[in-house]
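Q: Chains A and B, in that order, are what the protein sequence lines are. Everything in the first sequence is counted per the numbering used here, starting at 1 for the first residue and increasing by one. Everything in the second sequence is counted per the numbering used here, starting at 1 for the first residue and increasing by one.
These are computed hints drawn from the structure, not numbers from a lab. Hints are supplied without guarantee of correctness; some may be wrong.
Unchecked claim - Okay, derived cross-link-like pairs now, DMTMM-like style, lysine to aspartate or glutamate, Cα gap no bigger than 25 Å in a straight line: (1) B:Lys399 with A:Glu33; (2) B:Lys350 with A:Glu60; (3) B:Lys350 with A:Glu47; (4) B:Lys392 with A:Glu41; (5) B:Lys392 with A:Glu37; (6) B:Lys97 with B:Asp349; (7) B:Lys29 with B:Asp148; (8) B:Lys210 with A:Glu47; (9) B:Lys407 with A:Glu47; (10) B:Lys350 with A:Glu41; (11) B:Lys392 with B:Glu406; (12) B:Lys64 with B:Asp286; (13) B:Lys350 with B:Glu388; (14) B:Lys64 with A:Glu52; (15) B:Lys227 with B:Asp349; (16) B:Lys97 with B:Glu406; (17) B:Lys17 with B:Asp183; (18) B:Lys407 with B:Asp148; (19) B:Lys407 with A:Asp29; (20) B:Lys399 with A:Glu47; (21) B:Lys399 with A:Asp29; (22) B:Lys227 with B:Asp124; (23) B:Lys350 with B:Asp148; (24) B:Lys399 with A:Glu77; (25) B:Lys399 with A:Glu37; (26) B:Lys64 with A:Glu47; (27) B:Lys407 with A:Glu55; (28) A:Lys80 with A:Asp63; (29) B:Lys407 with A:Asp21; (30) B:Lys155 with B:Asp124; (31) A:Lys80 with A:Glu15; (32) B:Lys392 with B:Asp354; (33) B:Lys399 with A:Asp21; (34) B:Lys7 with B:Glu103; (35) B:Lys392 with B:Asp405; (36) B:Lys407 with A:Asp63; (37) B:Lys287 with B:Glu100; (38) B:Lys392 with A:Glu47; (39) B:Lys210 with B:Asp354; (40) B:Lys407 with B:Glu388.
Being a predicted model, the structure only gives us computed values, none of them experimental.
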Amino acid sequence: MIINHPLLGPRDASEFTYLGDANLMNRPDWLSENASEQFYEYLYLRENPAGEHCELWYHEQGDRSWLVITRNTLTNEISKVELARELERSA
Amino acid sequence: MRYSALKLLTQALTGNKGWKPVWRDPEPKPAYDVIIVGGGGHGLATAYYLAKQFGITNVAVLEKGYIGGGNVGRNTTIIRSNYMLPGNQPFYELSLKLWEGLEQDFNFNAMVSQRGILNLSHSDAQHDGYARRGNSMHFSGADAVLLDQDSLREKCPYLDFDNARFPIKGGLWQPRGGTVRHDAVAWGYARGADSRGVDIIQNCEVTGFKIEDGRCTGVETSRGSIKANKIAVCVAGSSSQVMGMAGMRLPIESHALQAFVTEGLKPILPGVITFGAGHFYVSQSDKGGLVFGGDIEGYNSYAQRGNLPAVEDVCEGGMALMPMIGRARILRSWGGLMDMSMDGSPFIDKTHIDGLYFNGGWCYGGFKATPASGWCYAHLLANDAPHELATKFQLNRFKTGSMIDEKGMGAQPNLH
Numbered sequence: 001m002i003i004n005h006p007l008l009g010p011r012d013a014s015e016f017t018y019l020g021d022a023n024l025m026n027r028p029d030w031l032s033e034n035a036s037e038q039f040y041e042y043l044y045l046r047e048n049p050a051g052e053h054c055e056l057w058y059h060e061q062g063d064r065s066w067l068v069i070t071r072n073t074l075t076n077e078i079s080k081v082e083l084a085r086e087l088e089r090s091a
Numbered sequence: 001m002r003y004s005a006l007k008l009l010t011q012a013l014t015g016n017k018g019w020k021p022v023w024r025d026p027e028p029k030p031a032y033d034v035i036i037v038g039g040g041g042h043g044l045a046t047a048y049y050l051a052k053q054f055g056i057t058n059v060a061v062l063e064k065g066y067i068g069g070g071n072v073g074r075n076t077t078i079i080r081s082n083y084m085l086p087g088n089q090p091f092y093e094l095s096l097k098l099w100e101g102l103e104q105d106f107n108f109n110a111m112v113s114q115r116g117i118l119n120l121s122h123s124d125a126q127h128d129g130y131a132r133r134g135n136s137m138h139f140s141g142a143d144a145v146l147l148d149q150d151s152l153r154e155k156c157p158y159l160d161f162d163n164a165r166f167p168i169k170g171g172l173w174q175p176r177g178g179t180v181r182h183d184a185v186a187w188g189y190a191r192g193a194d195s196r197g198v199d200i201i202q203n204c205e206v207t208g209f210k211i212e213d214g215r216c217t218g219v220e221t222s223r224g225s226i227k228a229n230k231i232a233v234c235v236a237g238s239s240s241q242v243m244g245m246a247g248m249r250l251p252i253e254s255h256a257l258q259a260f261v262t263e264g265l266k267p268i269l270p271g272v273i274t275f276g277a278g279h280f281y282v283s284q285s286d287k288g289g290l291v292f293g294g295d296i297e298g299y300n301s302y303a304q305r306g307n308l309p310a311v312e313d314v315c316e317g318g319m320a321l322m323p324m325i326g327r328a329r330i331l332r333s334w335g336g337l338m339d340m341s342m343d344g345s346p347f348i349d350k351t352h353i354d355g356l357y358f359n360g361g362w363c364y365g366g367f368k369a370t371p372a373s374g375w376c377y378a379h380l381l382a383n384d385a386p387h388e389l390a391t392k393f394q395l396n397r398f399k400t401g402s403m404i405d406e407k408g409m410g411a412q413p414n415l416h
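Next up, chain A with everything else stripped away, as it sits in the complex:
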């Protein structure tokens, strides 16, 4: 599997480590009323779709950037690769 890094170009997926669903970027507010319920869902429950999946990959053997990759879990086809920090800024 080749990941087309936005800065470094095509890199082999074995240079990366995988964290999981990109929703892990949206950490719940720990001061909210039902923070415990929200953190339970954030930490443990997953959509786990069969199809398009936005997910976090870390370029550990490269520039150590976090990427948000849109990949089809049925075919492994990657349709979009973005830098997580830029998504964070625009959010």
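Dock chain B against chain A, hints included.
A: Relative to chain A, chain B alone:
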């Protein structure tokens, strides 16, 4: 038809013309007491024990494809009970005990072969860890023998004992572990369930649940809608997809795992051997092929196939463990879907929807659990209360903090 040596002989003498299909191909009835979604090993075992132990025979097993076409036909066939934590260990020991009597119980040759399983240790600390694991296995009556390097050199002289990075210090040996002919498990349970009146309905995909006022009253399928008092889901890698139709999100990610078989070789391995410094396990099938595997791919996948980095990693593990394996040629490799849970342990539980039950999250260890999973799931369905050895496999354990994290990895399914 009961199988016996006499039956075999008379059939052989009469041209083998008397064999008949061993399960029916019924049309779905409009309603059942229990519907089991998923005709894999666990689903068929559940149906078998529901009928045999609990006398509930108005049961249908709905299978999207053909029975035994999923993970029960794609695994590396290992049985063992070398777990450590209290929520897990006694359950897997029940499973191993059921394996031991299975063939007589369902009158089918599943080729249960207790040739033993050996977990190797590569440091003093790891060896101490195995001593502790062995002791906790003894608590539930399981067998475990701690072996030192000398006795291992005698048992498996071909291992790379003096490997500079991963010297082999010893190992934990479970003599009652071993391998089983996986397809025969599905067939044996299917035959046993069918002969007691269970309808096994293949090519029947569940496309939705009928849920009214918090109660599940039936399923929509590709062959019409079917009513039932209880609906029991056990669909392994597709758990999130199927339970998603009931509006549930699960503490599960689906990942792909590969397995490999070499050309047939003369007998060399005494049983199952696992590498302790990486993830690699190997056994030898009755046909002589070395059957081996290692880590999952590491990212969510429904592809039923893997990629090359995992192949490389598995083969490196094999070479570090027994360099002679490099001379064997791989004949086949394949992939299957693992329902990886957030703590590496399974679920056998009711859901918050009345009448809807869930069994899943077996990660890559579901095969060895097949008999006990079926037994305990049938117990839950029949009594509406968990079996005493499966009380910890609750869906809400992450909320209450009672995880069963055998590897201590936390909520990171690709590391379990």
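Q: All hints are to be evaluated individually against the structure, with a verdict given for each.
A: Each hint, compared with the structure:
no. : hint                   : result
1   : B:Lys399 with A:Glu33  : holds (16 Å)
2   : B:Lys350 with A:Glu60  : violated (41 Å)
3   : B:Lys350 with A:Glu47  : holds (20 Å)
4   : B:Lys392 with A:Glu41  : holds (20 Å)
5   : B:Lys392 with A:Glu37  : holds (21 Å)
6   : B:Lys97 with B:Asp349  : holds (22 Å)
7   : B:Lys29 with B:Asp148  : violated (59 Å)
8   : B:Lys210 with A:Glu47  : holds (21 Å)
9   : B:Lys407 with A:Glu47  : holds (24 Å)
10  : B:Lys350 with A:Glu41  : holds (19 Å)
11  : B:Lys392 with B:Glu406 : holds (13 Å)
12  : B:Lys64 with B:Asp286  : violated (31 Å)
13  : B:Lys350 with B:Glu388 : holds (15 Å)
14  : B:Lys64 with A:Glu52   : holds (23 Å)
15  : B:Lys227 with B:Asp349 : holds (21 Å)
16  : B:Lys97 with B:Glu406  : holds (21 Å)
17  : B:Lys17 with B:Asp183  : holds (23 Å)
18  : B:Lys407 with B:Asp148 : holds (24 Å)
19  : B:Lys407 with A:Asp29  : violated (30 Å)
20  : B:Lys399 with A:Glu47  : holds (17 Å)
21  : B:Lys399 with A:Asp29  : holds (18 Å)
22  : B:Lys227 with B:Asp124 : violated (58 Å)
23  : B:Lys350 with B:Asp148 : violated (45 Å)
24  : B:Lys399 with A:Glu77  : violated (35 Å)
25  : B:Lys399 with A:Glu37  : holds (8 Å)
26  : B:Lys64 with A:Glu47   : holds (22 Å)
27  : B:Lys407 with A:Glu55  : holds (24 Å)
28  : A:Lys80 with A:Asp63   : holds (19 Å)
29  : B:Lys407 with A:Asp21  : holds (22 Å)
30  : B:Lys155 with B:Asp124 : holds (20 Å)
31  : A:Lys80 with A:Glu15   : holds (18 Å)
32  : B:Lys392 with B:Asp354 : holds (20 Å)
33  : B:Lys399 with A:Asp21  : holds (20 Å)
34  : B:Lys7 with B:Glu103   : holds (17 Å)
35  : B:Lys392 with B:Asp405 : holds (12 Å)
36  : B:Lys407 with A:Asp63  : violated (30 Å)
37  : B:Lys287 with B:Glu100 : holds (22 Å)
38  : B:Lys392 with A:Glu47  : holds (24 Å)
39  : B:Lys210 with B:Asp354 : holds (11 Å)
40  : B:Lys407 with B:Glu388 : holds (23 Å)
The structure fails hints 2, 7, 12, 19, 22, 23, 24, 36 (numbered hints given earlier, in ascending order).
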